[in-house]
Amino acid sequence: MTEPPEPAAAEQSDSGARTGTSGGKDGRRHGPGPGSGTGPSGTGVSAFARAARRLPRSVSGRATLAGAVVSGLLVLAIVFGSRLLHDFDSALLPYAVATVFLAFGVAYRYTVWVSAPGALRLFKNGWRSLFSKENFRKAPTALPKMTATYLGFQKFLGARSHARWAAHQLIFWGCILAALITFPLTWGWFTFTSGSGSGPGYEMRIWGLKIIGFDSLNFLGWLMFHGLDIAAVLVIPGASYFLWRRMKDRGAITGQRFAYDMVPLLALIVISVTGLLLTFSSIFLHGGGYEFLAILHMVSVVFTLIYIPFGKFFHIVQRPAAVGMQLFKYTGRQDDQVFPCRRCGEAIDTGPYVENLRGTMRDLELGFDEWTEYCPRCKRVLRGNAYLTQVKKGFK
Amino acid sequence: MMGRTMFIDPGRCIGCQACVSACRECDSHRGKSMIHLDYTDEGSSVASLPTVCMHCEDPVAPCAEVCPADAILVTADGVVQQADTTRCIGCANCVNACPFGVPKIDLQAKLQLKCNLCYDRTAYGLAPMCATVCPTGALYYGTVEELQAERPGVQVADTFVFGESEVRTGVAMVVPAERVRWPVPGGLPVVEINGKDVRR
Chain A
1 MTEPPEPAAA
11 EQSDSGARTG
21 TSGGKDGRRH
31 GPGPGSGTGP
41 SGTGVSAFAR
51 AARRLPRSVS
61 GRATLAGAVV
71 SGLLVLAIVF
81 GSRLLHDFDS
91 ALLPYAVATV
101 FLAFGVAYRY
111 TVWVSAPGAL
121 RLFKNGWRSL
131 FSKENFRKAP
141 TALPKMTATY
151 LGFQKFLGAR
161 SHARWAAHQL
171 IFWGCILAAL
181 ITFPLTWGWF
191 TFTSGSGSGP
201 GYEMRIWGLK
211 IIGFDSLNFL
221 GWLMFHGLDI
231 AAVLVIPGAS
241 YFLWRRMKDR
251 GAITGQRFAY
261 DMVPLLALIV
271 ISVTGLLLTF
281 SSIFLHGGGY
291 EFLAILHMVS
301 VVFTLIYIPF
311 GKFFHIVQRP
321 AAVGMQLFKY
331 TGRQDDQVFP
341 CRRCGEAIDT
351 GPYVENLRGT
361 MRDLELGFDE
371 WTEYCPRCKR
381 VLRGNAYLTQ
391 VKKGFK
Chain B
1 MMGRTMFIDP
11 GRCIGCQACV
21 SACRECDSHR
31 GKSMIHLDYT
41 DEGSSVASLP
51 TVCMHCEDPV
61 APCAEVCPAD
71 AILVTADGVV
81 QQADTTRCIG
91 CANCVNACPF
101 GVPKIDLQAK
111 LQLKCNLCYD
121 RTAYGLAPMC
131 ATVCPTGALY
141 YGTVEELQAE
151 RPGVQVADTF
161 VFGESEVRTG
171 VAMVVPAERV
181 RWPVPGGLPV
191 VEINGKDVRR
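Chains A and B are the protein sequences, given in the same order. Okay, so the first sequence: first residue is 1 according to full-length UniProt numbering, each after it adds one. Okay, so the second sequence: first residue is 1 according to full-length UniProt numbering, each after it adds one.
In case anyone wonders, no lab produced these hints; they're calculated from the structure. Treat the hints loosely; a few may be bogus.
Said to hold, decoys possible - Here are some, though not all, of the chain B residues that point toward chain A, as calculated from beta-carbon distances under 8 Å:
hint, residue
1, Val20
2, Ser21
3, His29
4, Gly31
5, Gly43
6, Phe100
7, Asp106
8, Tyr119
9, Asp120
10, Gly163
11, Gly186
No residue lacks a Cβ here, since even glycine has one placed at the ideal position from N, Cα and C.
With these hints in hand, go ahead and build the complete structure from the sequences.
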């Protein structure tokens, strides 16, 4: 193992598979191997990163266009939603600018993501299942049920671990609450106005229209003005649990990377703590250190918003696609289109799903797509038998 | 093939399931075994075949290629990692695309599970759990030179053939010397002869 680390087998461009003899003899080793002490947090190359590096110009152009259109639409929505900037709070300008960057980044990456064969086929099939009238007639409650259990209450996380489910729910609802409050505020869509200047009677307006009037001194008023504090109180224990787990749980530690796994949690905690400190400053310190805290809070939020499309937070955007996938499989099952293994007859999945996967494999030039018609166990047994009869005949 | 990697010799496997138990004991996936041990002709032969992830190099990780959520990471050392828990949507594309039948799926947890060559151990120079406990050396972890020093004359192959396609892997299999020039058969049955489906 004298060679420097090569950037993964992933980067080899020679597509012709070769007959391997013994490792090392032909100098094709990819040292150092896992035993060379690169550490569990060694840098990795995700399929996305690899795809991005060899991104066709057409995909890149389409993604740039999507990003420009979405961010342009958001700018227009901000301008018109704030009544031609009449309601726009210039103190919140950095946040608003960050959301425009966020919109560009999310649209760009989303376009690149759904352009890859595996995602594209499921993306199309998911939407096709959603818009099929026939499917809707057969199972009208399927989509709302899946959305609630899968995206809202995240039942699948409970199957992984109850503690992780609880912590994720805290983060999820905290972030939803924070996003619902802050995004419209920074865009100038929400305003809180008081006829008497300093209250206690306030009016909440959306796009200039009065939605609700409240007394800032009563419970509703307290809730309205402390919504972000409540969000922070939800997020901090959830993110702290995950941070603790990342330091203690062997499964989580294996292969974890600081920028990918730790930074998002630290960002959530920093945002929440600095946000709470703003309230602390105004209540207990008479505004002492408020300006510094406000800048610290703003910087952490802005960086986090810009980070969303590039790191772990992108799962927020990706996850709804899972509902499409589930719906696609569900509709296949409704029609009893189960595909049995060619050898043992065990159900592999739905027929349309198997056909979809075969199509994906053909797109990717993986020339063994007919193998998908066998269940994983039969693949192993058939390979074992082939070895037994053709490689080492004395094996029995 | 990776520098230090796993070498599988089914001829030495006695089907004792020690590898399965050891894998289940691993602290990084407590209670779940990632290794498969299959009896190829159950009832009439004791022949068995242990299967770990072969860490495909060319084409690189078909499981990662077909993943719609881009959840499977290939680390710089060629190890195909288990699906990222944040991203995995439990679609089972990887399960059914893997030519070796390696990944498993937990449908309740919507999560793929697969061998990552005990990354928590191999990253620090330790052998994977299965290779550590295998009593017959059917699973061997090291370099090919170390293997050949221990077992003089042994040869390994890292290319498998499925129909007309070949897959080169990071994990290798022990083969007789006269077979070393040929890829190991992947087991894909002949499905068509002269345009006629011969499966049934």
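Outcome of the hint check:
1. For B:Val20, the suggested interface contact is broken, since its CB lies about 13 Å from the closest CB of chain A, more than 8 Å.
2. Hint on B:Ser21 is violated. Least Cβ distance to chain A is approximately 18 Å, over the 8 Å limit.
3. For B:His29, the suggested interface contact is upheld, since its CB lies about 6 Å from the closest CB of chain A, less than 8 Å.
4. Because the beta carbon of B:Gly31 sits about 11 Å from the nearest beta carbon in chain A, more than 8 Å, this interface hint is broken.
5. With a cut of 8 Å, the hint placing B:Gly43 at the interface with chain A is violated, because the nearest CB-to-CB distance is about 13 Å.
6. Annotation: B:Phe100 was flagged as interfacial toward chain A, and the flag holds, the nearest CB pair being 7 Å apart, inside 8 Å.
7. The beta carbon of B:Asp106 comes within 7 Å of a beta carbon in chain A, closer than 8 Å, and the hint placing it at the interface holds.
8. Contact between B:Tyr119 and chain A, as hinted, is supported at the beta carbon level, the nearest pair being about 5 Å apart and thus within 8 Å.
9. Checking B:Asp120 against chain A: minimum C-beta separation of about 4 Å stays under 8 Å; hint holds.
10. Proximity of B:Gly163 to chain A holds as hinted, the smallest CB-CB distance being about 6 Å (cut-off 8 Å).
11. With its C-beta approaching chain A no nearer than about 6 Å, B:Gly186 sits inside the 8 Å limit, and its interface hint holds.
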